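Student: The chain contents come next:
2 protein chains.
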Amino acid sequence: MLISALAAESGVPVPTIKYYLREGLLPPGRATGTTRAEYSEEHVRRLRLVRALAEVGGLPIARVRDVLACLDGATPLTTALGTAHDALAGSPAPEAPADGAEAAGALVADAGWRVDAGCSSLAQLGAALAALAGAGFPVDPAALRRYVRAADEVAREEVDAVPGEDTADAVEFAVLGTVLHEPVLLALRRLAQQHHSTRRFGAPARGEGGE
Amino acid sequence: MLISALAAESGVPVPTIKYYLREGLLPPGRATGTTRAEYSEEHVRRLRLVRALAEVGGLPIARVRDVLACLDGATPLTTALGTAHDALAGSPAPEAPADGAEAAGALVADAGWRVDAGCSSLAQLGAALAALAGAGFPVDPAALRRYVRAADEVAREEVDAVPGEDTADAVEFAVLGTVLHEPVLLALRRLAQQHHSTRRFGAPARGEGGE
Numbered sequence: 001m002l003i004s005a006l007a008a009e010s011g012v013p014v015p016t017i018k019y020y021l022r023e024g025l026l027p028p029g030r031a032t033g034t035t036r037a038e039y040s041e042e043h044v045r046r047l048r049l050v051r052a053l054a055e056v057g058g059l060p061i062a063r064v065r066d067v068l069a070c071l072d073g074a075t076p077l078t079t080a081l082g083t084a085h086d087a088l089a090g091s092p093a094p095e096a097p098a099d100g101a102e103a104a105g106a107l108v109a110d111a112g113w114r115v116d117a118g119c120s121s122l123a124q125l126g127a128a129l130a131a132l133a134g135a136g137f138p139v140d141p142a143a144l145r146r147y148v149r150a151a152d153e154v155a156r157e158e159v160d161a162v163p164g165e166d167t168a169d170a171v172e173f174a175v176l177g178t179v180l181h182e183p184v185l186l187a188l189r190r191l192a193q194q195h196h197s198t199r200r201f202g203a204p205a206r207g208e209g210g211e
Numbered sequence: 001m002l003i004s005a006l007a008a009e010s011g012v013p014v015p016t017i018k019y020y021l022r023e024g025l026l027p028p029g030r031a032t033g034t035t036r037a038e039y040s041e042e043h044v045r046r047l048r049l050v051r052a053l054a055e056v057g058g059l060p061i062a063r064v065r066d067v068l069a070c071l072d073g074a075t076p077l078t079t080a081l082g083t084a085h086d087a088l089a090g091s092p093a094p095e096a097p098a099d100g101a102e103a104a105g106a107l108v109a110d111a112g113w114r115v116d117a118g119c120s121s122l123a124q125l126g127a128a129l130a131a132l133a134g135a136g137f138p139v140d141p142a143a144l145r146r147y148v149r150a151a152d153e154v155a156r157e158e159v160d161a162v163p164g165e166d167t168a169d170a171v172e173f174a175v176l177g178t179v180l181h182e183p184v185l186l187a188l189r190r191l192a193q194q195h196h197s198t199r200r201f202g203a204p205a206r207g208e209g210g211e
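The listed protein sequences correspond, in order, to chains A and B.
With the first letter of the first sequence counted as 1, position 132 gets the number 132 in our numbering; the numbers rise by one all the way through.
With the first letter of the second sequence counted as 1, position 185 gets the number 185 in our numbering; the numbers rise by one all the way through.
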């Protein structure tokens, strides 16, 4: 198909497709003339993937490229997940002050998790814990234990649901689940908070505090 | 204390304090001359709160103001939580296409949650589900059920941990937990994924895929 058909098929406008082509997020089409190229279903699929990572996952273009590189290469699953986590943590990765790093390390040790001591997720956890403590709102240890338990259950089931062995499909499944499901999880927690706070404290006065 | 002492005490630089004063995020000090004002411990506490909401929670200044207004007013807890959720959802709130809104509504009904049909969190859930489906990566129903269960457990325990009755302290506790704990939760899920994927698929090849 021509680029106009690719735009129609994928729902991505032609100028955006050209931008992705220039940025190397989309492989070039098969040249059929000096200014014409032919695109395939593979391009449609790739375009949707780029869109999902950028728009649902909120990743900047450079990070989308990192994640795509993992999906394209024969990257082992755990390495690919690390790249996805780095992409989500942003660049440069947050640096945790010593007290935050210590708190994060202790939490992970308590949980029995074996993780890379230099990974961006651990730095991010340490930075968040230190910022909360520094602002005078340290996270309650009981709340932390609840979060650890919930994260452990969700992640165990997510990883166990990865199909088959360490194949390209499994990598794609795991990486996309990691990146793209975060907005879903956060929205669900907020909805559940609304439900349970209404249950305990009564219905909200909408139209007063809302916008 | 003078503004210089306030900066030293809170760790927030003087120009940032002046910016917060101009934006109305911090009440003015008590004037003790034409260019001098006296600040109190209450200002230190408020500054830390603004910093936490802006830097840990990632809220833009206008949204920080909305959340502070809730904490300052005699806002009922469930209304205050709604304002915090709106602040997190961003402005303007995402609008869910019809299929996403329907999927989100069905999910919430299945969960047995009673929520405001017009709230930003429901719109956000619908937008995320529609974007995922539109990109060709619909969320697996079994994964959604796991997320709903995890969100329900976490939120129930969070709301039950809110101290006492519907007081200003309870509102602050609930709103800050909502806004400020999201980065902690996301980091914990990523760490748990790392642990469980290493358990199932082996250790990551660090130094190859990393940066």
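Don't read these hints as lab results, they were simulated from the structure.
Every value quoted in this text rests on a predicted model; they were computed, and no experiment measured them.
There could be a bad hint or two in this list.
Repeated chains share a single entry, so a pair holds when one copy, or any two copies, can fit it.
Stated by the list, open to error - Dumping the calculated SDA-like pairs for lysine to any residue here, alpha-carbon to alpha-carbon at most 25 Å:
1. Lys18 with Ala98
2. Lys18 with Ala170
3. Lys18 with Gly164
4. Lys18 with Gly134
5. Lys18 with Asp152
6. Lys18 with Ala133
7. Lys18 with Phe137
8. Lys18 with Ala117
Student: All hints are to be evaluated individually against the structure, with a verdict given for each.
Tutor: These are the hints, each one checked on the structure:
1. In this homomeric assembly, Lys18 and Ala98 never come within 25 Å of each other (Cα to Cα): the closest approach is 45 Å inside a single copy and 30 Å across copies.
2. For the homomeric pair Lys18 and Ala170, neither the shortest alpha-carbon distance inside one copy (30 Å) nor that between copies (52 Å) is at most 25 Å.
3. In the homo-oligomer, the alpha carbons of Lys18 and Gly164 never lie at most 25 Å apart, since the shortest distance is 36 Å inside one protomer and 57 Å across protomers.
4. For the homomeric pair Lys18 and Gly134, the shortest alpha-carbon distance between copies (21 Å) is at most 25 Å, but the shortest distance inside one copy (46 Å) is not.
5. Taking the shortest alpha-carbon separations for Lys18 and Asp152, neither the intra-copy value of 42 Å nor the inter-copy value of 43 Å comes in at or below 25 Å.
6. Taking the closest pair of Cα atoms, Lys18 and Ala133 come within 25 Å of each other only across two copies (24 Å); inside a single copy the shortest separation is 46 Å, beyond that limit.
7. With identical chains, the CA atoms of Lys18 and Phe137 are at most 25 Å apart between copies only, with a shortest distance of 23 Å across copies and 47 Å within one.
8. For a Cα distance limit of 25 Å, the shortest separation of Lys18 from Ala117 qualifies neither inside one copy, at 40 Å, nor across copies, at 39 Å.
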